[in-house]
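Generate the whole structure from the sequences, applying the supplied hints.
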Amino acid sequence: MKLTELIQELNLDVRSAKGHLDREVTGGYASDLISDVLAHGNEGNLWVTLQVHQNIVAVASMKGLAGIILVNAREPEQETVDKAETENVPIMVTEMATFELVGKLYSLGVAGM
Amino acid sequence: MAADGNIGKIQELIYEIRVCDVMKGNVITVSPQTPMSELRRILREKRISGTPVVEGDKLVGIISLDDFIRWMAEREQDCPIGEKMTRNVQTLYSDEPLILAVNRFDQLGFGRFAVLDRKSERLLGIITKGDIVEGLLRKLEIDYYKEENQRHEEQHFFEDILADKSVLFFRYDVMGHDFKRAGESASRLKATLRRLGLNPQIVRRVAIATYEAEMNLIIYTDGGRIRVRVQPHEIAVRVEDSGPGIPDVDKVMRPGYSTAPEWVRELGFGAGMGLNNILKCSDKMDLRSALGKGTRLSICISIEEGAKSEAN
Amino acid sequence: MKLKDIERILGAEIVAGIGLREKDIEMACGSDLMSDVLAFMKSGSLLLTGLTNPQVVRTAEMTDLGAICFVRGKKPDQETIDMAESKNIPLLTTPLPMFESCGRLYRRGLPGCSEYTE
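Residue numbers (my numbering), protein chains in the order written: chain A, 6 to 118; chain B, 125 to 436; chain C, 39 to 156.
Because the hints were derived from the structure by calculation, they are not lab data.
In this text the structure is predicted, and so the values were computed from the model without any measurement.
All C-beta atoms, glycine included, are put in the ideal place defined by N, C-alpha and C.
Incorrect hints may have been included.
[Stated by the list, open to error] Just the calculated beta-carbon pair ranges, DEER-fashion: (1) B:S366 with A:E14: 53 to 63 Å; (2) A:E14 with B:K243: 50 to 60 Å; (3) B:K417 with A:E82: 27 to 37 Å; (4) A:N60 with B:E162: 55 to 65 Å; (5) A:M67 with B:F282: 51 to 61 Å.
[Stated by the list, open to error] Here are the simulated DSS-like cross-link-like pairs (lysine-lysine), alpha carbons at most 27 Å apart as the crow flies: (6) C:K61 with B:K133; (7) C:K125 with C:K112; (8) B:K170 with B:K182; (9) C:K80 with B:K408; (10) C:K42 with B:K263; (11) B:K304 with C:K113.
[Said to hold, decoys possible] Computed, partial: chain A to chain C, Cβ under 7 Å: (12) A35; (13) D41; (14) L55; (15) G108; (16) G117.
Below, the structure is given as structure tokens:
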């Protein structure tokens, strides 16, 4: 499934890299621990997290993730947005919590393993 | 004493509880035409050791793992279950007391009984010795919880005190940087407040706020003290340390602002939400700090009826 | 949903509170940030998390959580297990990652904390 379709289906707000939303999502990864995503995230994964500081962009870029969704209505810090723009990492935000957002992504066919 | 009490309780329960309270409903059944060769898969997949054989709505027999093993041992050809099942099935009615089931298990040495509805004779479920034990334990546990809760509900400490003013005071000393023991003070405070018979929602708010404050002492200071004053109308918690102090109090109140080191973040704390969380749990909050001297956090939570409930 | 259903759906192992398999769990939340759990989780719910330090059990104790499930096969140390036993908080461990665990439970009808209405 393409990132654009998920954004539309789940009404996600895009905060960065609006020109890079046509990527294919290979699966999902949910974690609030940077080290965990570094170790286990896979290329093309959509990352669901609460973390908002700019380290998340570095991790996403390094692992080739398809994008980051911030949950619980968290907003990325300005440095995070700036960095995401230069690294072309899409950041989306939602009011949903991790559990229900992942539940909905899963129902749309995004698998977690 | 307690053990004797429980045995007495079980003896009572065994007359009180009915077969339908402990039996397993939604029984997996097989038809008499099902081949024996299929049985192994069914038993294994459903993790059961026997199952009723049903034709239409009517119970016609029961087939168990024993029957299957016997069939295997005899190396016979495949045949329908109807030929190998036990036909003379011993049954129980769902409204019969458990004691009857216990006695039947004793007398007949069977592993399971089919349970029927008395009126329609329809199969409702199946009961094993394990179900009886499980059912009794469950019932005992529920009763136990009920008793515990009742004890707490009945206990309203302050109502028993006759005085113009009554104040309870507790102090907890917190060691800095001792992450492993973090939360012990909040835990002990929570148990104490529950014992006073205070409303669980109020206790939860005090516990969360105190835990966050205790965490701050452990992460950022060399330690400090938590003082709790409980009065009939409110709980006041004061958390004090003697340094290093906060440079900009307004800034630390901003959600997401944090100076926590990476190791603290990796443990699930230090995301810049602690103080906001404390604010959310309290009715009044005051934070004062002097660099190099220390920090004092005071919060108040009202116990009176109509007090705001935690989390919206 | 009962704890034993969660055990089955996630192929999980119960490492503390084995006697509480009949316990009802009505909602869930997935998080690795304890402050977030302390701020948003409701009493009685299931916490899915990738952290196994003793503070996870402490957090559950403070917020009266119903159970904790550790994801990606992580197991807590004995001290943490003992603490959970003494506080009557069941602990599970599943080999599945967080995303897969949330997805499976949600699909079986377990709502999230913020969606749950009494």
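Here is what the structure says about each hint:
Under the hint 53 to 63 Å, the C-beta atoms of S366 of chain B and E14 of chain A, about 54 Å apart, fit the expected range. Distance hint check for E14 of chain A and K243 of chain B: the Cβ-Cβ separation is about 51 Å, which falls inside the suggested range of 50 to 60 Å. A hinted range of 27 to 37 Å holds for the C-beta pair K417 of chain B and E82 of chain A, which are about 31 Å apart. Take N60 of chain A and E162 of chain B: their Cβ atoms lie about 57 Å apart, and the range 55 to 65 Å holds.
For M67 of chain A and F282 of chain B, the Cβ-Cβ distance of about 58 Å falls inside the hinted range of 51 to 61 Å, so the restraint holds. Distance restraint check for K61 of chain C and K133 of chain B: the Cα-Cα separation of roughly 22 Å lies within the 27 Å cut-off, and the hinted pair is therefore satisfied. A hinted pair counts as satisfied when its Cα atoms are at most 27 Å apart, and K125 of chain C with K112 of chain C qualifies at roughly 20 Å. A distance of roughly 22 Å separates the Cα atoms of K170 of chain B and K182 of chain B; the hinted pair therefore holds under the 27 Å criterion.
With a C-alpha separation of about 22 Å, the suggested pairing of K80 of chain C with K408 of chain B holds against the 27 Å cut-off. Pair hint K42 of chain C plus K263 of chain B holds up; C-alpha atoms about 17 Å apart against a cutoff of 27 Å. A hinted pair counts as satisfied when its Cα atoms are at most 27 Å apart, and K304 of chain B with K113 of chain C qualifies at roughly 17 Å. A least Cβ separation of about 4 Å between A35 of chain A and chain C falls short of the 7 Å threshold, and the interface hint therefore holds.
For the restraint placing D41 of chain A at the interface with chain C, the shortest Cβ-Cβ distance is roughly 6 Å, inside the 7 Å limit, so the hint holds. Taken as an interface hint, L55 of chain A checks out: its beta carbon lies about 6 Å from the nearest beta carbon of chain C, inside 7 Å. With 7 Å as the threshold, the beta carbon of G108 of chain A comes within range of chain C, its nearest partner Cβ sitting at about 3 Å, so the hint holds. A distance limit of 7 Å between C-beta atoms decides the matter here; for G117 of chain A the minimum to chain C is near 3 Å, and the interface restraint holds.
When held up to the earlier numbered hints, the structure conflicts with none and fits them all.
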